[in-house]
Amino acid sequence: MTAAVVFENVRKQYGRVIAVNRVDLALPAGCVVGLIGHNGAGKSTCLQMLSGLVRPTEGRVLVDGVDVVAEPLAARERLGVVSEEPALYEYLSAREFLEFVAEVRGVDALDEALELCALGADADRLIREYSQGMRRRTAIAAALIGRPPVLVLDEALNGLDPIAAARVKEALRDARSRGQTVVLSTHVVETVQSLADRVVMLGQGNVIADTTTDGMQPGELERLFLSRLEMHHNDTTPSG
Amino acid sequence: MRPYTRIRRLRRAHRAHREGNAARIGWVLAPLGAAALCTPLFVRLFMRFMEQPSSLWMEGASGAILRVGWFVVGIVALDLFSTIVRGRDREVLQVYPVDPGALVPDIVRSRCRRNMSSLWVMGVLFSPIALAGEVELWLVAMLELTGVWLLAHCAGALVVLWAVDVSEDPRYAPFLDAVRGNNPRAQAAFLYAPGLVLGLVGSLHMLGVSGIALVMEGQLWGWLLVISPFVAAPLAWRPVPQLARRTWFKGSVVLAEIHGRYAAIEDAEEGRRVYLDWGVRWLPVTLRIHTLRMLRHGWRARRGWVLGAWWVGLLAGGVAWTSDPLGAWRALCCLAVGAWTVGVVGLVMRQREPRGLRMGLPVDARVEAAATVVVLASWLQPCLWPAVFSVGVRSGFTVAVSVVCWGSVSLLLTASVSAVCARWGTKGWPIYAALGASLTTWLGHVAMGGGMT
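The listed protein sequences derive, respectively, from chains F and C. Numbering-wise (the working numbering), the first sequence opens with residue 1 and increments by one. Numbering-wise (the working numbering), the second sequence opens with residue 1001 and increments by one.
The set of hints was computed from the structure by calculation and includes no laboratory data. Any given hint could turn out to be false.
Claimed, not checked - Covered stretches of chain C, as calculated for chain F (at least 3 residues, CB under 8 Å):
no. : region
1   : 1007-1020
2   : 1215-1227
3   : 1312-1322
What the hints assert, rightly or not - Just a sample of chain C residues kept apart from chain F, beta carbon distances all over 10 Å, derived:
no. : residue
4   : TRP1162
5   : ASP1177
6   : ALA1301
7   : VAL1367
Unchecked claim - Derived DEER-like restraints, expressed as beta-carbon distance ranges:
no. : chain 1 : residue 1 : chain 2 : residue 2 : range
8   : C       : GLY1425   : F       : SER131    : 47 to 55 Å
9   : F       : ASP235    : C       : ARG1012   : 38 to 46 Å
10  : C       : PRO1170   : F       : GLY159    : 49 to 57 Å
Just so it is clear, CB atoms sit at the ideal spot from N, CA and C, and this is done for glycine as well.
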């Protein structure tokens, strides 16, 4: 069976800085995968490469068997992306923006998206008047429109109030149950443990652990992450 | 109607509703007002042929039409680059499965609509020709300039999209490496794309202008040359949708690469931070903090405007390298354009600053305005001195001192207008456009009283 997302020996380098180093991953359909790591670990770079916004220096990234750099339009048809700072048209309302995205994706499923936004009457106000959380909800709803096979969320739950966060988590679980793959990054370990089936830990651009969350006790993931990070740090720091 | 067109119209309508009719009218009237104010100066500088009998006008008129056409082509080329490659549509739509073959033509059409004012401005600037009775010359010139304006949009889109392809094509790598300076290779393709548009469209404009002369002499085949831009425009436009499908998404990847490379360069720039500290050490502490912030952020985020102004400064130096008394005048006009260009940084920085910054970090408006003036005046220095040097060598010390004085007035005035207009958000733009550009040149015109000798 084709994996929904494949990172094939992916490396990203800017000048002398190695942002991502030899990442090999195959993520199956119908799962939630959490990327965790410290600041600068390479989470966002991985997700930007998955979104087709950054080209790997070596290797390639496939979505549903499609190379995201070689076939950008086909890849985007299979992707729903929420970036860390989602860009929206300031002089549109959320309803108008979501209508537009639905039209671009060739679907007619606006109610579901508006329900997820939970903006109520605010859906008809201009986006420029929205708070950070409202903008993020709009961007998440836009990414879910058309039920693309792969959802990419870069720190997407940041800035959401607890009710909105719970609603989004529920929507992501629904997406998983429909066979969509969700790849999300965060540095909040509890979020990943509560949501993800599988966790990929990054440290200084390397995969330092790739594990499932089945049967994990509260706090266990955080302890595992910290111990792996320390091990990796010791391995890469020259002694003496 | 395509979704992109529909959404653009919606955005425009919401914006107009939000900002009110006054701002909308301002956007139309400001360029016309500025052009009307500048027309007497324009006549004095570029249309002195009108002092001769009308039978001898053609040579001088050709020169003026040529220069104005080139200027407009340059502006259109830069505008298309910034909207197609770095525009808001890319920021928002790069993650969605949009059809670039429909999106990019829609962007270009919207820019045509927006840049329509440059046609009215040219009409106003050359209106003295029609008012003096040479209506036919004015009409033919406007027809040719309209064709060039249209071709600039079509060829501009084509070249900008092609530049995305070229930026990473190994066949062009040696050439790009030779011309890129300290910039990443891919950026070199973007930097030179507007120049290529100017070169291509500008060449055809020269033919068109020679056609105007032939038409005025009664030679019918001159019309072929006059309308040649109208013929070339659809030819340039034809491959645009297909090229857009191939390169528009790739543009995001190339931009990310460029930003990554610049980030590496800027790490090195951090090491030179001490010189900025040193440069502003004589300012009071509060002013120093904001000056340093604007110097760093403005340079890193908006250096294109500053570098553009320095190029204009070099142009002013070139223009002033003549013994013609009008050379200093022309240099002052170039200086005013350079000043206006740098002044835009003040407006853009204020408009694009992070949401909530002002709430979190309350700033004394007077201190901020003073910092803006200091920073803009500093950046304008390289704009001023090439002209002063040229005038000093070619026209003498006294004239050079005049250029320093009036250039400084122009620079300070533009910097001050920019600082004030920045506080009014988008509503400040038309006011800035009218005041910053017209007032400085107009003041120079009045103060010089007709010459520097």
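Structure-based check of each hint:
1. 1007-1020: holds (count 7)
2. 1215-1227: Not satisfied, violated; 0 residues make the cut.
3. 1312-1322: This one is violated; 0 residues, fewer than the three required, reach chain F with a Cβ under 8 Å.
4. TRP1162: 18 Å, holds
5. ASP1177: Nearest chain F Cβ is 16 Å from ASP1177 (chain C), so the label holds.
6. ALA1301: For ALA1301 (chain C), whose nearest Cβ neighbour in chain F is about 15 Å away, the distance exceeds 10 Å, so it holds.
7. VAL1367: Fine: 28 Å to the nearest Cβ keeps VAL1367 (chain C) off the interface.
8. C:GLY1425 - F:SER131: 47 to 55 Å: The hint (47 to 55 Å, Cβ to Cβ) is violated, given that GLY1425 (chain C) and SER131 (chain F) are roughly 20 Å apart.
9. F:ASP235 - C:ARG1012: 38 to 46 Å: 57 Å, violated
10. C:PRO1170 - F:GLY159: 49 to 57 Å: 43 Å, violated
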